[in-house]
Amino acid sequence: MTLTALCLLATETAEATGGPSMQLALLLTVFVLAVFVGFEVITKIPPTLHTPLMSGSNAISGITLVGALLSALAGDPTMVKILGTLAVILATMNVVGGFLVTHRMLGMFRKKD
Amino acid sequence: MTLTALCLLATETAEATGGPSMQLALLLTVFVLAVFVGFEVITKIPPTLHTPLMSGSNAISGITLVGALLSALAGDPTMVKILGTLAVILATMNVVGGFLVTHRMLGMFRKKD
Amino acid sequence: MSPVWVELSYLIVIVLFIMGLKGLTHPRTAVRGNLTGALAMLLACVFTLLGTELFDWTLIAVGVGVGALAGGILAVTIQMTAMPQLVALFNGFGGLASVFVAGAYLAKLLSSAGASNLGADLLVATAASGLIGGVTFTGSLVAFAKLQELKFIKDVRFPGQQALNAGLFLACVVLALLIVRQPGHANLYYWLMVMVSLVLGVFLVISIGGADMPVVIALLNSYSGLAAAATGFVLSNVLLIVAGSLVGASGLILTKIMCVAMNRSLTNVLFAKLQPAKGSGPSADEVYANVKATSPEEVAMLLDVAGRVVIVPGYGMAVAQAQHAVKDLTNYLREKGVTVEFGIHPVAGRMPGHMNVLLAEADIPYDLLIEMDQINPTFEQTDVVIVVGANDVVNPVAQTDPNSPIAGMPILEVHKARTVVNIKRSLSPGFAGIPNPLFAADNSLMLYADARQALIDILKALREG
Amino acid sequence: MSPVWVELSYLIVIVLFIMGLKGLTHPRTAVRGNLTGALAMLLACVFTLLGTELFDWTLIAVGVGVGALAGGILAVTIQMTAMPQLVALFNGFGGLASVFVAGAYLAKLLSSAGASNLGADLLVATAASGLIGGVTFTGSLVAFAKLQELKFIKDVRFPGQQALNAGLFLACVVLALLIVRQPGHANLYYWLMVMVSLVLGVFLVISIGGADMPVVIALLNSYSGLAAAATGFVLSNVLLIVAGSLVGASGLILTKIMCVAMNRSLTNVLFAKLQPAKGSGPSADEVYANVKATSPEEVAMLLDVAGRVVIVPGYGMAVAQAQHAVKDLTNYLREKGVTVEFGIHPVAGRMPGHMNVLLAEADIPYDLLIEMDQINPTFEQTDVVIVVGANDVVNPVAQTDPNSPIAGMPILEVHKARTVVNIKRSLSPGFAGIPNPLFAADNSLMLYADARQALIDILKALREG
Ligand SMILES: NC(=O)c1ccc[n+]([C@@H]2O[C@H](COP(=O)([O-])OP(=O)(O)OC[C@H]3O[C@@H](n4cnc5c(N)ncnc54)[C@H](OP(=O)(O)O)[C@@H]3O)[C@@H](O)[C@H]2O)c1
Ligand SMILES: NC(=O)c1ccc[n+]([C@@H]2O[C@H](COP(=O)([O-])OP(=O)(O)OC[C@H]3O[C@@H](n4cnc5c(N)ncnc54)[C@H](OP(=O)(O)O)[C@@H]3O)[C@@H](O)[C@H]2O)c1
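Protein chains in written order, with the working numbering: chain F, 102 to 214; chain A, 102 to 214; chain W, 153 to 617; chain S, 153 to 617.
Bear in mind the hints are in silico, worked out from the structure with no lab data behind them. Cβ atoms here follow ideal geometry from the backbone N, Cα and C, with glycine treated the same way. Hints may contain errors.
Stated by the list, open to error - Taking lysine-lysine pairs in the DSBU-like style, the calculated list, with each CA pair at most 30 Å apart, reads:
hint : chain 1 : residue 1 : chain 2 : residue 2
1    : W       : Lys-612   : W       : Lys-568
2    : W       : Lys-174   : S       : Lys-408
3    : W       : Lys-174   : A       : Lys-145
4    : S       : Lys-479   : S       : Lys-444
5    : W       : Lys-488   : F       : Lys-145
6    : W       : Lys-408   : S       : Lys-174
7    : S       : Lys-568   : S       : Lys-488
To be verified - Which residues of chain A face chain F? A partial, calculated answer using Cβ under 7 Å:
hint : residue
8    : Leu-127
9    : Thr-130
10   : Val-138
11   : Met-180
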């Protein structure tokens, strides 16, 4: 649902601006390819790994952290700085907590000998 | 082997030019992602499909045709035009012939009823 | 180090992320996969910090410090049984972070570049990450509350709910378009849209039964990935786009896989109008007309003469932390030459693999844990089944009553065994909130007690008698 | 239609290509997959032609016309048995095309922009597509010649061959660097490098036994993909990059899979120093000391009393186009109540699936074709095996003599059957060029004849007697 919406808006843009920049086209290509990789990478998974996988990929989605780091630079208006710092805190929690909890979960599983 | 060579040269470039353009970075990303998709897409294949798959993907690699079309534009030096036209001929043979022969091969197989 | 170098170094990070994700899908490589992912994330941050112009280091130090501390403590101190809701929580944070990043960036650009210079593509991306991020945040919070079984949260269902959701979504889209059309007021519209999306997130999830939360979390996880990707478009940052869409896509697949495991369709999970549990089927009183209670001693006698025993753990074992008691009983019986196996239902407990985790923690040999499909055929030849705080996953109604909330969910067919001993504190229902005819079956006995205590008593009785 | 629109439309094409490739990997979707790929290619060209400034339409018309005609005719008129070499040929063309495109573009830029304005990245990409394209071209030609069994081509092996190849590759790299360093003479260096790469291509493939050609073609196919990708970098054209690297990667995997099927390692295929066939093992004369010839009539008698018959087709059936004769015999036997099955070796013939193709063409029911692993255990209970022009795939030496050229290749163990009838025109060896002890085995009879004729005679004898 959201995906389609995203695409719709993307085209909508194109009209609005009379064609997005060359770079946007490249970024969209990257996006599409990454989506394919994401689809293909996930194969049959034993139920026991569902939760760790969920939690691990959730940690990866904390990549917003990079965006957060970039969002609040020196000399930005205070408002921006506040938002940015909040973002950094939240994203860091997601990342650090996510990978840690995944590690703990996985630690509980034994490989079949 | 060739892949590594390619990468080596790519880095080599970077030094030569003191850093490739932003766009190149994007193109490289696209390349890497596409490679991953290529790796993941191919799974277990029944031997009977090896040849058709080879021939089909060979046809796809005829995508150079697009490059060939773009290479010889009006007003280019004759030398370029000759090369371009040759490229178009060769690439077209690869594409048309490739897809056709694949189709013929596949036509020979029956689905198990 | 020039930004372009960062771009190239991002390539490494991307590869690592993919490797990590791939690793997480196979038992043998899962741990390494997770570490790879973490390494990738670390590199991503390092490269970013090295790569770009003057940061406000104090702010970043504070932010990272606080975040790492909070996240770390939560992750380390949390109980096993609470991990799923923790994941939900983290996921929500990720979503909110996207909202803030996009918002901050928008505000910055408006103040610096000025409205007119903002490309529509950028504005669309901003809107997208605001929208998706917002939905993810509140949706995850609701999921968290439900898994935590916070009292104030109920499965809210009312006519026209879908219509409302559609309306809210439409409102978001309209506001998004306004952002694009009138960049002058982009800030205003953006935060308005975020508000609406927050509400939308609540209503999307609130109507979904807690039993389906893992699926919902997987889905929201995929959303937070998409939000990150959208943010990536805002900053035209490849890394965010790739990592984000990786998670977005794989999360979607995982969601599907999990639905299959609970055999539900995704739409069914998201929009199914289950009549509230009470209404469905006969009332508890009818069902539990004649239930036979039992005592640890009686159970001990049954076990004394049993040749094959199957233990079916459920959420109750987790609550009672009874896994070690289970282990002691198992060891005793096996020394006596009794065959003991465990019937593991894919959704027993509150997270997939919940039971495996607990039993592994108690050092119960991995090869005693039998998956549902293997164990079901063996119940006929089983003398005693001990159901340790399981309820829904052994509820025959799933197979008999098509309108029950758990209709169609595959169950462990313990009722086919000679005798079934159900250890639970009362006749109160399980997660799905419905009565369980199994407890009233002729071959079924109730042992009302805390699971841990009950098992200890049984073992004591065995040793004495 | 602006170039950016083309860029976006390329997205559709990319998705279609991926779908197509994916489709080709499953029997049920293969045909559709191929068509999808073709459609994608068509769209790619259309969008490109729509998208860009003044073409020299005559040239393009001529080029496409000639190419399409030639390719089409070749593809339609070629014999089934010759398809693999045709694929090799096409693949070579693709590689050469990349060489020309890169060359043309280089020349154009030098004449227009001038040497100084050429980015090193562009030059590297140019060099790469020249190098890979060149190797692909001549390599594919050699592969073609070998599969076509053109007389003038031999398996050339000489000491220091690897060193030579390494040297040639190094030379190419050096020239590539020269192109980058001295763009002024880029044209010269480029074509020099292409020359060297052409030679390299020959030497890389010439030493590889024809039996491994399918693997080699798969590998070269992957190369041509990479060449296309490199060309994509030259033109900074996303489509070429994606499609090219898709093929490059999937081709690599396919190569690995095919190696596994012939159980060889890739390095072993590429660099193995097999001692020339003659030298290996005992000479033909020793092996064929006492071979028993037979007649169609005798075979007919054997079949008359047989309960279970297995037919093992090989390259000879393809040469003799004996599949229809095979079918008639099969029908006759099955009407008589004899169980008839076909033992299909994965590399029987000259391309994977070669036998399936031919037998399918003759309308032999698909479910009679049994794969190696299934059929091998059944040979003990088989009365008569008819080997129709197969040799290497039934050569026990593969299991007994570790230094034979086909050592380790899994075979059809027909020698375990009660009687083996080998239909071939002489005792001359098969593809691997080695004698086959099977023909001299006690339970083995030789029927010297063209496969088709022999089968017809056998059927005649069966009908009469
Ligand atoms: N695995 C997942 O992914 C997941 C996630 C979320 C939800 N769910 C849902 O959760 C349910 C799991 O089924 P389940 O049978 O495992 O659990 P359940 O159906 O929730 O039943 C748990 C039972 O344990 C008993 N119990 C609670 N505390 C206890 C204690 N200290 N000692 C003894 N008994 C105790 C409760 O009865 P008393 O109160 O009478 O003791 C309750 O009936 C399914 O509906 C599933 O769909 C699964
Ligand atoms: N499938 C693949 O992918 C592939 C590709 C390339 C190479 N190969 C290699 O090719 C070989 C295939 O083994 P194979 O047993 O199928 O074939 P083979 O080993 O090449 O033997 C074919 C036999 O057929 C006989 N023959 C030729 N024309 C005939 C005719 N008109 N009538 C009757 N017999 C005829 C030949 O003997 P006479 O001359 O005495 O009649 C020859 O001994 C393997 O070595 C394999 O590795 C396979």
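Outcome of the hint check:
| no. | hint | verdict |
| --- | --- | --- |
| 1 | W/Lys-612 x W/Lys-568 | 28 Å, holds |
| 2 | W/Lys-174 x S/Lys-408 | 20 Å, holds |
| 3 | W/Lys-174 x A/Lys-145 | 18 Å, holds |
| 4 | S/Lys-479 x S/Lys-444 | 26 Å, holds |
| 5 | W/Lys-488 x F/Lys-145 | 39 Å, violated |
| 6 | W/Lys-408 x S/Lys-174 | 20 Å, holds |
| 7 | S/Lys-568 x S/Lys-488 | 24 Å, holds |
| 8 | Leu-127 | 5 Å, holds |
| 9 | Thr-130 | 6 Å, holds |
| 10 | Val-138 | 5 Å, holds |
| 11 | Met-180 | 29 Å, violated |
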